[in-house]
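*Asks:* As they're listed, the protein sequences go chains A and B. Position in the first sequence counted from 1, then plus 1204, gives you the numbering used here. Position in the second sequence counted from 1, then plus 51, gives you the numbering used here.
Since the hints were derived computationally from the structure, they do not count as laboratory data. Treat each hint with caution, since some may be false.
[Unchecked claim] Interface residues of chain B toward chain A, partial, derived using beta-carbon atoms under 8 angstroms:
#1 F355
#2 W362
#3 F438
#4 V441
#5 I445
#6 F447
Idealized CB from N, CA, C, for every residue including glycine.
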Amino acid sequence: MYLFLAIFLAMMAYFVYFQAVKSETFINSPYNSLQDLFSRRVIRGDILSADGKVLAETNTDSDGNESRDYPYGRVFAHAVGYAENGKAGIENQENFSLLRSHEFFLKQMGNDIAGNKSQGDSVVTTLDTQIQQTAYDALGSFDGAVIVMEPETGKILAMVSKPDYDPNTIKQDWDTVSSEDSTALFNRATQGKYAPGSVFKIFTTLEYYREHPQKYSDYTYFCDSSITVNGQTIHCAGNRRHGNENLQTSFANSCNASYANLSLSLDRKRFQETCDSMLFNQNLPIRFESSKSSFNLSEKDSSAMVMETGIGQGKTLVSPLHMLLVTSAVANKGMVMKPYLVDHIENAAGNTISSSEPSEYGSVISAKEAKLLKKYMRSVVTEGTGGKLAGQSYEAYGKTGTAQVSDTSDETNAWFTGFAGKKGYKDIAVTVIVEKSGAGSTYAVPVAKKIFDVYFNR
Amino acid sequence: MLHLLVQGSKYLMILFFLIYTFECFHVFKFQGNEAEQKRIYHIQRVLLFLIHLDAFIVLYLITKNIQLIGFYLMQLIILLAIISAYHLLYKHASELVLNNMCMLLAISFIILTRISFERAFKQFIFVCAGSFIALLIPMVLQNMSMFRKLTWLYAIIGVGALTVVAVAGQTSYGAKLSLSFAGISIQPSEFVKILFVMFIASMLHKRHDIRQLAVTSFISALFVLALVLSRDLGGALLYFFTYLVMIYVATQRFAYFAAGLLAMAGAATAGYHLFSHVQTRVLAWSDPLAVIDDAGYQVCQSLFAIGTGGWFGLGLGQGLPSKIPVVTKDFIFAAISEEMGGVFALCLLMVCISCFFMIMNVAIKLRDNFYRLTAVGLGTLYAMQVFLTVGGVIKFIPSTGVTLPLVSYGGSSLLSTMIVFGIIQGLYIMQFDDRMKKKEQMLKGGKYRGKRSSEKKPDRKKPERKTGGRQTRKP
Chain A
1205 MYLFLAIFLA
1215 MMAYFVYFQA
1225 VKSETFINSP
1235 YNSLQDLFSR
1245 RVIRGDILSA
1255 DGKVLAETNT
1265 DSDGNESRDY
1275 PYGRVFAHAV
1285 GYAENGKAGI
1295 ENQENFSLLR
1305 SHEFFLKQMG
1315 NDIAGNKSQG
1325 DSVVTTLDTQ
1335 IQQTAYDALG
1345 SFDGAVIVME
1355 PETGKILAMV
1365 SKPDYDPNTI
1375 KQDWDTVSSE
1385 DSTALFNRAT
1395 QGKYAPGSVF
1405 KIFTTLEYYR
1415 EHPQKYSDYT
1425 YFCDSSITVN
1435 GQTIHCAGNR
1445 RHGNENLQTS
1455 FANSCNASYA
1465 NLSLSLDRKR
1475 FQETCDSMLF
1485 NQNLPIRFES
1495 SKSSFNLSEK
1505 DSSAMVMETG
1515 IGQGKTLVSP
1525 LHMLLVTSAV
1535 ANKGMVMKPY
1545 LVDHIENAAG
1555 NTISSSEPSE
1565 YGSVISAKEA
1575 KLLKKYMRSV
1585 VTEGTGGKLA
1595 GQSYEAYGKT
1605 GTAQVSDTSD
1615 ETNAWFTGFA
1625 GKKGYKDIAV
1635 TVIVEKSGAG
1645 STYAVPVAKK
1655 IFDVYFNR
Chain B
52 MLHLLVQGSK
62 YLMILFFLIY
72 TFECFHVFKF
82 QGNEAEQKRI
92 YHIQRVLLFL
102 IHLDAFIVLY
112 LITKNIQLIG
122 FYLMQLIILL
132 AIISAYHLLY
142 KHASELVLNN
152 MCMLLAISFI
162 ILTRISFERA
172 FKQFIFVCAG
182 SFIALLIPMV
192 LQNMSMFRKL
202 TWLYAIIGVG
212 ALTVVAVAGQ
222 TSYGAKLSLS
232 FAGISIQPSE
242 FVKILFVMFI
252 ASMLHKRHDI
262 RQLAVTSFIS
272 ALFVLALVLS
282 RDLGGALLYF
292 FTYLVMIYVA
302 TQRFAYFAAG
312 LLAMAGAATA
322 GYHLFSHVQT
332 RVLAWSDPLA
342 VIDDAGYQVC
352 QSLFAIGTGG
362 WFGLGLGQGL
372 PSKIPVVTKD
382 FIFAAISEEM
392 GGVFALCLLM
402 VCISCFFMIM
412 NVAIKLRDNF
422 YRLTAVGLGT
432 LYAMQVFLTV
442 GGVIKFIPST
452 GVTLPLVSYG
462 GSSLLSTMIV
472 FGIIQGLYIM
482 QFDDRMKKKE
492 QMLKGGKYRG
502 KRSSEKKPDR
512 KKPERKTGGR
522 QTRKP
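Bound-form chain A, shown alone:
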């Protein structure tokens, strides 16, 4: 008898718990077709930028026809998304919020009696129109992605992916953008999977440090522009001879020969563990469509594969968002903050209904490791491949990468991932990938620089 009572109480408690806490996940699920019921009585709400600009709104013409308009057009395409022919981006994630109205209840009743629709709530994003526009312009006509975040809070300030589409005309353009040979709908910033190239050396360096916590600074290597082991030769970029190097200068020079050499000494199992603990092979902590990065190294792999892996080629694939989170951890003493794009929801009158608070995902590296990597990433700017960022009003840190698009192609994707700080400003982290362009230092660093310049000079 008491047993049953306990079971029932537990079940009722679970029901209450579900309604109070867990139901959000299910209500907001894009699969939940019940959401669209609300559009019968509610005008889809606006999506606003952090600086108060309208990114998406619903306008009703004199005949009562509704249209969804995006004043910034292509610039916010992937971040804001679209709401016709399916949904994507914030339009998808926040569908339910946009379709709920928290207008004053008497007004809602009045609307109801008069047969009018109520105005849905507005979603205020963390996106910054100025940064977004800068990033969008900086990427120019290249395909690729740029993503900007505050490491301390997890706020995403900009998210650009190209090729893109115009959300205003998505319905008319649907056949083109959704065709087999178009990737316009694909959000490269969160879903793209790229060979990391030299930005991966952040992980290789960390692993070497973890295996030699006392003696890592004793590492030396003489670079004569290439290394050959078991018949496999790895060249440095542009066949440069880096000469005598230690770990830090190898990192700053992004010396392939040195890293290939160093990775042969690493414990593969521990390397795998380190990468797994740094968000590889798992879902990224974001409420947005994103893909898993992959890293795999086992005893079965050849020495050639180990060397390739150590310099970020091999089988490893990463998304720009993943690199951004790891970079942010370095900037934020090892702590990864959960990235988010929605700052708060407000009703038509501007009163806040609910808001997001920064929340910790967890420490992926120790504060000491973060400090070391920060130092190394600074030397990339002061004496290495990120020289274009030196001598600014802000202090920049980063790592460049130039990754082969595929084994059979000489084309390269340019990478940069880094962060910068200045007194009176919050740090920002930026990850850039410019597809099929050239070297990271030439094509990706300038994009990041434009963003830093705008952000730290306003």
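Given chain A, put chain B in place with the hints provided.
*Replies:* Below, chain B without anything else, positioned relative to chain A:
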């Protein structure tokens, strides 16, 4: 305007149901004060009909289907008929059980009419038939005392029927459940469970030595095995658990119960590895969104419905309950929560608990061991069934494909539950009469002696039972 009306009446229904539910438990404060109790039961009935009326006004307004008015009146008549017939025939029937039964039926009518008029109508016909049976049962119980002697008849019919299903039944959702002939399909296991309870009760009401227990367990195992063979694992679980509780109550040995639970855990693990549809359901339970395209579809739709409905529901006719597969049967609770609100659904659960309390209350007060065990068994069945179905719908446990008694659509389930409620009323009356007689005799100053011939020698000292006062709990 219409929308406002729908929304307004939604809150009204919740309010009425909250009061009703409160009174279900509040009424126990007035034990002995019959006038006050009568008043409360009367209020409950008024609330019941208000909810029913309110819901049908809304349903009519949103569908504009004239048939609904006629249908409403028919439902009103049958509910009134059940109540008055009980009042007329059985002065001492439990009013609370009666009210709860009618309340659950009314809710069933409302939500089924909302989902499918045709099904609601079929259900209505079954209710008519069921209430007739439920009315007869107390009379039969009062006048016949041979039920305790039909032990082997129960076993043979029960196991036989289940075996026939296992061999010739129709498969639905991975399990063989029903037999169909002449266009009517019935689910024998719904009825057999009553036989099962009566079988165990008749086996154990006099003796429960090792031999008797062994025989009982063996035959019970046959029941359960037949269910497992037809892959009705939810049913098997239901039967087995009921068996355990009855053995425990009969012997008062907790060790048996614990050993049984262990065995159940073992069997569940084995079932998980043996049956693919069990694995599917467990998978769907652990992370439904991950497998939404196939296994998790049903649970996800159910949770979407419950979640989107929120505390106060979307209002009748405002949701999409038909999106949930099997919504009228196993997942009726989700539809109720979606359109009538989470609060309403919780109240519904409380009413079910109230029913369970009443059954156990009857069990405690009954002096006749056979009937006492029967009541315990039926109570366990009822509670287990509510738990399995609601738990499955809200993802508290993996879904087992059990119906919500009296509320879910389905003739077999409805009829068998109405039989159970009929039996409980019969036992309640029996218990009441016993108490009256005892009181009378005490008033006369005579020493009270057991009257029923069947209960010659209670083989163990029974705990003293209070005749009036608050109900006290056992196990």
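*Asks:* Verify the interface restraint on W362 of chain B: the C-beta must sit less than 8 angstroms from at least one C-beta of chain A.
*Replies:* holds (6 angstroms)
*Asks:* Hey, does the F438 of chain B contact hint survive, CB to chain A under 8 angstroms?
*Replies:* Result: holds, 6 angstroms to nearest chain A Cβ.
*Asks:* Let me know if the C-beta of I445 of chain B comes in closer than 8 angstroms to any C-beta of chain A, holds or violated.
*Replies:* Status holds, d = 5 angstroms.
*Asks:* So, F355 of chain B near chain A? Judge it on the closest CB pair being under 8 angstroms.
*Replies:* holds (4 angstroms)
*Asks:* Close enough to count: is the Cβ of V441 of chain B nearer than 8 angstroms to one in chain A?
*Replies:* Cβ of V441 of chain B sits 6 angstroms from chain A, so the hint holds.
*Asks:* Any CB of chain A closer than 8 angstroms to the CB of F447 of chain B?
*Replies:* holds (5 angstroms)
In this structure, none of the earlier numbered hints is contradicted; all agree with it.
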